[in-house]
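2 protein chains.
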Amino acid sequence: MRIALDAMGTDLAPEPEVLGALDALKVLDRDIEIVLVGDESVVRAAVAKHGPIPERLSFHHAPDRVTAADAPASVLRKKPESSIVVGLKLHQAGQVDAFVSAGSTGAMMAASLFILRPLPGVDRPAVATLLPTIGSPVLLIDAGANVDCKPQHLVQFAHLGSVYMRRTMELAEPRVALLNIGEERGKGNEVIAETHELLAKEPGIKFVGNVEGRDIIRDTCDVLVCDGFVGNVLLKFYESVAGVIVGMLKKKLAGRDEGALFEDVFHVLDYAEHGGAPLLGVGGVSIICHGGSPPKAIRNAIRLATRAVRGDMVKHSAQDFTAGAR
Amino acid sequence: MRIALDAMGTDLAPEPEVLGALDALKVLDRDIEIVLVGDESVVRAAVAKHGPIPERLSFHHAPDRVTAADAPASVLRKKPESSIVVGLKLHQAGQVDAFVSAGSTGAMMAASLFILRPLPGVDRPAVATLLPTIGSPVLLIDAGANVDCKPQHLVQFAHLGSVYMRRTMELAEPRVALLNIGEERGKGNEVIAETHELLAKEPGIKFVGNVEGRDIIRDTCDVLVCDGFVGNVLLKFYESVAGVIVGMLKKKLAGRDEGALFEDVFHVLDYAEHGGAPLLGVGGVSIICHGGSPPKAIRNAIRLATRAVRGDMVKHSAQDFTAGAR
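Protein sequences, first through last, are from chains V and G. This note's numbering applies: residue 7 is where the first sequence begins, and numbers increase by one. This note's numbering applies: residue 7 is where the second sequence begins, and numbers increase by one.
Among the clues, some could well be false.
Where chains are identical, the list cannot tell them apart; a pair therefore holds if satisfied intra-copy or between any two copies.
[What the hints assert, rightly or not] Below 30 Å or equal to it, Euclidean Cα-Cα: the simulated DSSO-like pairs (lysine-lysine) are:
| id | residue 1 | residue 2 |
| --- | --- | --- |
| 1 | Lys302 | Lys258 |
| 2 | Lys257 | Lys95 |
| 3 | Lys55 | Lys95 |
| 4 | Lys258 | Lys55 |
| 5 | Lys85 | Lys193 |
| 6 | Lys95 | Lys193 |
| 7 | Lys84 | Lys193 |
Honestly, the hints are just simulated from the structure, not real lab data. In this text, all values refer to a predicted model and were calculated from it rather than measured experimentally.
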């Protein structure tokens with residue numbers, strides 16, 4: 007299996023990418039190869055700093071780089087030699103099995119949609135992200151790709167999320183919930199109330215009803231469906247609360263030997279644990295990471311990519327949408 | 007000043023109310039009187055358990071109680087003798103200056119709207135709640151009263167929130183931000199993008215632009231405007247993350263003498279710090295608390311009520327809406 011990694015994605019590129027890739031090669035299965043996509047001389051030098059170049063690591067040259075100043079929709083046309091476009095095209099051509107990038111989220115979404123194309127029957131591909139909870143992680147979908155959603159889009163997110171959790175997390179029957187402001191059906195705004203009715207009778211998913219904000223981290227569901235506006239606000243809020251609290255705890259514990267005491271607290275708050283967010287509903291495995299990803303998050307995003315490939319996620323999603331004739 | 011407190015609101019009523027009221031009388035200004043509204047013999051007995059009845063504490067009998075089983079809209083008709091309805095009517099009649107309840111949020115909103123009436127010019131009264139941050143608290147408005155909002159409603163929330171922060175928190179010029187998924191104007195869904203344009207040219211408020219989920223707890227604004235769906239999800243999520251993290255920390259620290267080490271962490275996470283959520287835009291001071299409020303939250307909600315009364319919040323809100331002819 008070959009995973010392409012954008013070596014020029016993070017704010018501190020290529021160092022976090024290189025360290026994440028090197029770590030992934032150590033801890034993941036031996037049949038996994040990583041292709042670093044970026045300015046080859048720069049990336050090669052960054053790897054060489056850490057020792058001889060591992061056998062399962064290779065390079066693919068992409069001289070250009072997407073920046074925050076680039077309008078996402080114009081990247082394909084204006085930066086065809088950027089690591090994002092080159093990496094996605096490698097994937098589309100079948101030369102790699104997945105693409106991971108911590109570059110511009112907007113550019114990754116736009117380029118993935120254009121190059122990998124939505125699966126037949128999928129109106130709105132969505133970004134999904136695993137949130138840490140006190141139990142197993144919950145997949146939040148959509149985490150920001152679609153800010154105005156109709157009920158049928160939210161139902162599609164439920165399917166995309168279910169297939170993803172089945173194929174990558176080995177859950178036989180993922181519990182799907184609808185993010186709402188009350189537990190009873192009929193609660194919420196118009197779109198959400200109608201979505202509840204649709205999900206309640208939708209075949210192929212295990213709908214467990216509404217989940218409120220207070221129950222998200224209590225491990226009440228495996229897939230949490232919401233529109234990309236709410237999802238994005240929630241995700242960024244969680245990350246910041248986590249960041250602030252962990253920062254405070256670490257400051258308090260500096261120089262003390264008690265960090266381990268708080269490991270389960272850190273665990274619940276550590277979004278880097280789950281690394282990246284796949285764009286679901288396109289014809290490939292495209293994983294989007296934070297610009298601020300540390301090496302651990304990059305490594306875990308690579309692991310997510312390998313799971314999606316191993317689980318044949320794209321094929322099963324395509325079948326799910328063909329079968330349902332949605 | 008007389009504050010009426012629903013003695014039968016919390017899940018453990020009347021104990022948290024009684025303790026909160028007794029504490030408030032100790033720590034707040036000496037001109038504050040508290041009227042406990044509820045089944046008088048029950049409430050009186052609960053107070054007597056803690057010693058002689060303080061001079062500035064009195065009772066107002068209300069034999070009935072709103073429960074979770076009561077439909078909010080029917081409370082006025084079906085439970086006219088409930089502590090919520092009796093307490094709000096006391097306020098409406100001018101016998102008390104504010105009413106605080108930890109009873110059913112829905113019933114408090116419906117009864118407050120009906121008994122206290124919306125202020126002229128206010129289309130949608132909204133629930134506002136203070137969120138702890140690493141700096142000064144931020145007022146989230148709407149926290150759940152209005153799940154489908156138009157841009158002009160959100161602009162009204164900005165005014166209601168600004169007046170509240172000016173009159174109760176002594177901020178001369180509260181910074182108003184719009185909750186969004188990006189910093190640039192034009193970001194977000196249709197309603198939010200249009201609201202941004204309206205706020206940018208709205209007189210009488212200090213609009214500082216969009217704030218993302220990640221910046222909420224970083225003390226970037228004083229008033230954060232959003233619809234009641236997003237606000238409610240966010241608020242409940244914050245409370246639950248806070249609850250889970252604080253619970254984990256306390257468990258770790260049980261029997262150790264290090265709780266003080268983490269006081270600022272607890273402080274950021276302690277929503278009880280700010281106690282209650284006022285329903286803004288009605289002709290009175292109506293403060294809604296959690297059903298699970300501990301005495302400290304009740305005491306702090308009483309304090310919020312006294313500040314709103316002292317600051318003549320209702321009068322200033324009414325003037326703001328009359329002046330703007332919105």
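Cross-check of the supplied hints:
Taking CA atoms no more than 30 Å apart as the test, Lys302 paired with Lys258 passes in both settings, with 23 Å inside one copy and 26 Å between copies. Taking the shortest alpha-carbon separations for Lys257 and Lys95, neither the intra-copy value of 44 Å nor the inter-copy value of 51 Å comes in at or below 30 Å. For the homomeric pair Lys55 and Lys95, the shortest alpha-carbon distance inside one copy (29 Å) is at most 30 Å, but the shortest distance between copies (75 Å) is not. Taking the closest pair of Cα atoms, Lys258 and Lys55 never come within 30 Å of each other, the shortest separation being 34 Å inside a single copy and 41 Å across copies.
For the identical chains of this complex, Lys85 and Lys193 are inter-copy neighbours only, at 23 Å across copies versus 46 Å inside a copy, given an alpha-carbon limit of 30 Å. Only between protomers do Lys95 and Lys193 lie at most 30 Å apart by alpha-carbon distance; the minimum there is 29 Å, versus 44 Å within a single protomer. Taking the closest pair of Cα atoms, Lys84 and Lys193 come within 30 Å of each other only across two copies (22 Å); inside a single copy the shortest separation is 46 Å, beyond that limit.
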